[in-house]
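Chains as they are written, first to last, in this note's numbering: chain A, 1 to 195; chain B, 196 to 349.
It should be emphasised that the hints constitute simulated quantities derived from the structure, not laboratory data. Here the structure is a predicted model, which means the values were calculated and not measured. The beta-carbon is built from N, C-alpha and C at its ideal position, and this holds for glycine as well. Keep in mind that a hint or two might mislead.
Unchecked claim - Okay, the calculated beta carbon distance ranges per label pair: (1) B:Glu-217 x A:Pro-175: 38 to 46 Å; (2) B:Val-259 x A:Arg-72: 38 to 46 Å; (3) B:Leu-261 x A:Asp-10: 41 to 49 Å; (4) A:Arg-168 x B:Leu-261: 32 to 40 Å; (5) B:Leu-262 x A:Tyr-8: 47 to 55 Å; (6) A:Arg-83 x B:Ile-268: 42 to 50 Å; (7) B:Val-259 x A:Arg-168: 51 to 59 Å; (8) A:Glu-129 x B:Ala-214: 26 to 34 Å; (9) A:Asp-10 x B:Val-259: 39 to 47 Å; (10) A:Pro-69 x B:Leu-262: 57 to 65 Å; (11) A:Ser-65 x B:Ile-268: 38 to 46 Å; (12) A:Lys-163 x B:Ile-252: 25 to 33 Å; (13) A:Leu-62 x B:Ile-252: 34 to 42 Å; (14) B:Leu-235 x A:Pro-175: 50 to 58 Å.
Said to hold, decoys possible - Computed list of chain A residues with no C-beta within reach of chain B, every gap over 10 Å: (15) Ala-15; (16) Arg-83; (17) Ser-147.
Each chain, letter by letter, is given below.
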Amino acid sequence: MPQLLETYSDESLVAEAKAGSSACFEELVRRYQVRLARFVMRSVNREDADDVVQDAFVQAYLNLSRFDPKYRFKTWLFVIAQRLTIDRHRRRRVTANIENHSLASNDRPEHRAETDERSAMLWSVARRELGDEVYRAVWLHYVEDLSTTEIAKVLDRSWVWVKTALHRARRKLSPHLRPLVDGEYRKSGEAWQTT
Amino acid sequence: MANDLKTQLQREAETMLPAFDESLHERTMARVNRARRENLSASVRAPSRLNPLLAWIARGAVAVLLLGVGIGIWMGSGQMQQDRIDASTAAEFNEAIASLGQTAKPLRYTLNVPMQSAQRQIGLLKEDAATFGMFVTDQVRNLSVPIDTSKLPS
Numbered sequence: 001m002p003q004l005l006e007t008y009s010d011e012s013l014v015a016e017a018k019a020g021s022s023a024c025f026e027e028l029v030r031r032y033q034v035r036l037a038r039f040v041m042r043s044v045n046r047e048d049a050d051d052v053v054q055d056a057f058v059q060a061y062l063n064l065s066r067f068d069p070k071y072r073f074k075t076w077l078f079v080i081a082q083r084l085t086i087d088r089h090r091r092r093r094v095t096a097n098i099e100n101h102s103l104a105s106n107d108r109p110e111h112r113a114e115t116d117e118r119s120a121m122l123w124s125v126a127r128r129e130l131g132d133e134v135y136r137a138v139w140l141h142y143v144e145d146l147s148t149t150e151i152a153k154v155l156d157r158s159w160v161w162v163k164t165a166l167h168r169a170r171r172k173l174s175p176h177l178r179p180l181v182d183g184e185y186r187k188s189g190e191a192w193q194t195t
Numbered sequence: 196m197a198n199d200l201k202t203q204l205q206r207e208a209e210t211m212l213p214a215f216d217e218s219l220h221e222r223t224m225a226r227v228n229r230a231r232r233e234n235l236s237a238s239v240r241a242p243s244r245l246n247p248l249l250a251w252i253a254r255g256a257v258a259v260l261l262l263g264v265g266i267g268i269w270m271g272s273g274q275m276q277q278d279r280i281d282a283s284t285a286a287e288f289n290e291a292i293a294s295l296g297q298t299a300k301p302l303r304y305t306l307n308v309p310m311q312s313a314q315r316q317i318g319l320l321k322e323d324a325a326t327f328g329m330f331v332t333d334q335v336r337n338l339s340v341p342i343d344t345s346k347l348p349s
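Just chain B, same shape as in the assembly (with noise of 0.2 Å):
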């Protein structure tokens, strides 16, 4: 019985196929033909397409690479932030500067300088003393954070 019925369903499906159409065989290849350019020339346009391990790999690394820039910047700014001056070391820093009596370069020093702009800027204060011959006063010797005073005329 499955058999006759496979039978006649095949053989009534053989009529109802519709005739080979030409054209739109003729059409159907055009547009694959006409798509294959399009593929060629977009593979010339981007020669180098990553099999999908390769990508893979690769967007691994971009991302790893993203992770370690962040955690480098958040450990930086963490780092910055350990770093900056606090209120007793500027009170300290603004009163030397005062005893110097420098009056072209005034520097004021505020709470959150970073130590390393500070530092920077005392570096350039020692500089300014030797070129204008500014005598070293007790409050730039006794500066908590060490400065090289040899060069200063004391």
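Bound conformation, chain A alone (with noise of 0.2 Å):
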């Protein structure tokens, strides 16, 4: 059966979880979670991230009877995960008021994405170079394949703004692209040069 579900497109399993089937549902959480968590991971700790990325699934599934099935399901889970993120940065900036608590310097999300994008450079430069904000639309774009349109949706912006940003991106990544070796990129190091 788990092996029969992977071929299934994102619309059948949610028709399927819709219908009351737990499998589907446990395939659409095995097949988003880790790209939700990189999502999310971005901008609070590693125990919200946890928090947050079960917290989006719940909540889709408590409201799977209210998804339009004219939007991508991963549109939709995105959009959640991104209130949530914010629900949760705002609780933690009241929190850290009240308590003075102070995150230990290694589990501040951008201690944690710089560790990461150490093997990644264009990413670390659009950390360094790219708002917050923007780098989540590029993020977005690149790696999740979602539309402009779909962006503006998840980070509740227009369309125009994330067209802009989105070409802003680019106009400051590009000097930063490494050189094509034989149809591949040279290791961080070689021929690479950030300013």
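Reassemble the complex: the two chains are provided individually, in unrelated frames, and hints are given to aid placement.
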């Protein structure tokens, strides 16, 4: 059965899950857990990211009946995750103000992102040169393959804003492109210079 | 150039994706299943969940009903206001009662007594008159509010 489910489209899995199949919903969780975690970990610490991922799937499950099939399930899921992340951020800020609590430097999302991006130089440049929201837009566009309209929905921005953000991001990142050598990019450090 | 950028970003992103976390998956599914059970028990408690259209129709019907009740109360109160006896009728009634010399049940009508109530009391007065054999006086006979005096001893 699980092997069979892997071949299902998101739409079919959603339809089956709506009809009560928990196995189909589990397959959706399996499919998007890592991607959602990576998207969320950009803004919150590991512990919160796990919570947000779980919350996002629970919210998605509870609201499956309200899911509009004219959108992609992935887009809907990212919208939920984005809102939960913002919510978590707000609460974190309030808690931090009350308790004067600071995260250990190793657990800070920026620190972790830097560690992750050591092997991903272009993303490292993106992190340094683009704002958080533009970075997210670029991530959703190039990694999650979301259209500008879908990104606008996830980030709660206008379609024009997303278009402009992606254009500016491309202009900033293009000078940092690594040259192609025999169809492969050179390893970082070999012919890689960032300013 | 755009394609190069896309390819490089995608290749680098692959190295950034965390490994599949089996424990997170299990915890997520445990929470989903718990939510499903809670949802199921909630739906057992409230089996008839109206669809949105029916819910709006029901809300509309309740609103119309409340509006109707409100209008009814308002009109009824207006009607009652109209049906109260005026000062001259009250005086007339009181004079008629006094003329009967009834002391057992002293009735006094005041301004704004509802007409219906006054008529009921006049009816009681007639019954009392018949019971106690009181005589009908001119004041009673000539009341502007018509009463049946045929059963009263003249």
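Results for each hint:
no.: 1; hint: B:Glu-217 x A:Pro-175: 38 to 46 Å; in the structure: holds (41 Å)
no.: 2; hint: B:Val-259 x A:Arg-72: 38 to 46 Å; in the structure: holds (42 Å)
no.: 3; hint: B:Leu-261 x A:Asp-10: 41 to 49 Å; in the structure: holds (46 Å)
no.: 4; hint: A:Arg-168 x B:Leu-261: 32 to 40 Å; in the structure: violated (56 Å)
no.: 5; hint: B:Leu-262 x A:Tyr-8: 47 to 55 Å; in the structure: holds (52 Å)
no.: 6; hint: A:Arg-83 x B:Ile-268: 42 to 50 Å; in the structure: holds (46 Å)
no.: 7; hint: B:Val-259 x A:Arg-168: 51 to 59 Å; in the structure: holds (56 Å)
no.: 8; hint: A:Glu-129 x B:Ala-214: 26 to 34 Å; in the structure: holds (28 Å)
no.: 9; hint: A:Asp-10 x B:Val-259: 39 to 47 Å; in the structure: holds (44 Å)
no.: 10; hint: A:Pro-69 x B:Leu-262: 57 to 65 Å; in the structure: violated (39 Å)
no.: 11; hint: A:Ser-65 x B:Ile-268: 38 to 46 Å; in the structure: holds (41 Å)
no.: 12; hint: A:Lys-163 x B:Ile-252: 25 to 33 Å; in the structure: violated (43 Å)
no.: 13; hint: A:Leu-62 x B:Ile-252: 34 to 42 Å; in the structure: violated (26 Å)
no.: 14; hint: B:Leu-235 x A:Pro-175: 50 to 58 Å; in the structure: holds (56 Å)
no.: 15; hint: Ala-15; in the structure: holds (17 Å)
no.: 16; hint: Arg-83; in the structure: holds (18 Å)
no.: 17; hint: Ser-147; in the structure: holds (14 Å)
Figure legend: structure checked against the earlier numbered hints; hints not met, in rising order: 4, 10, 12 and 13.
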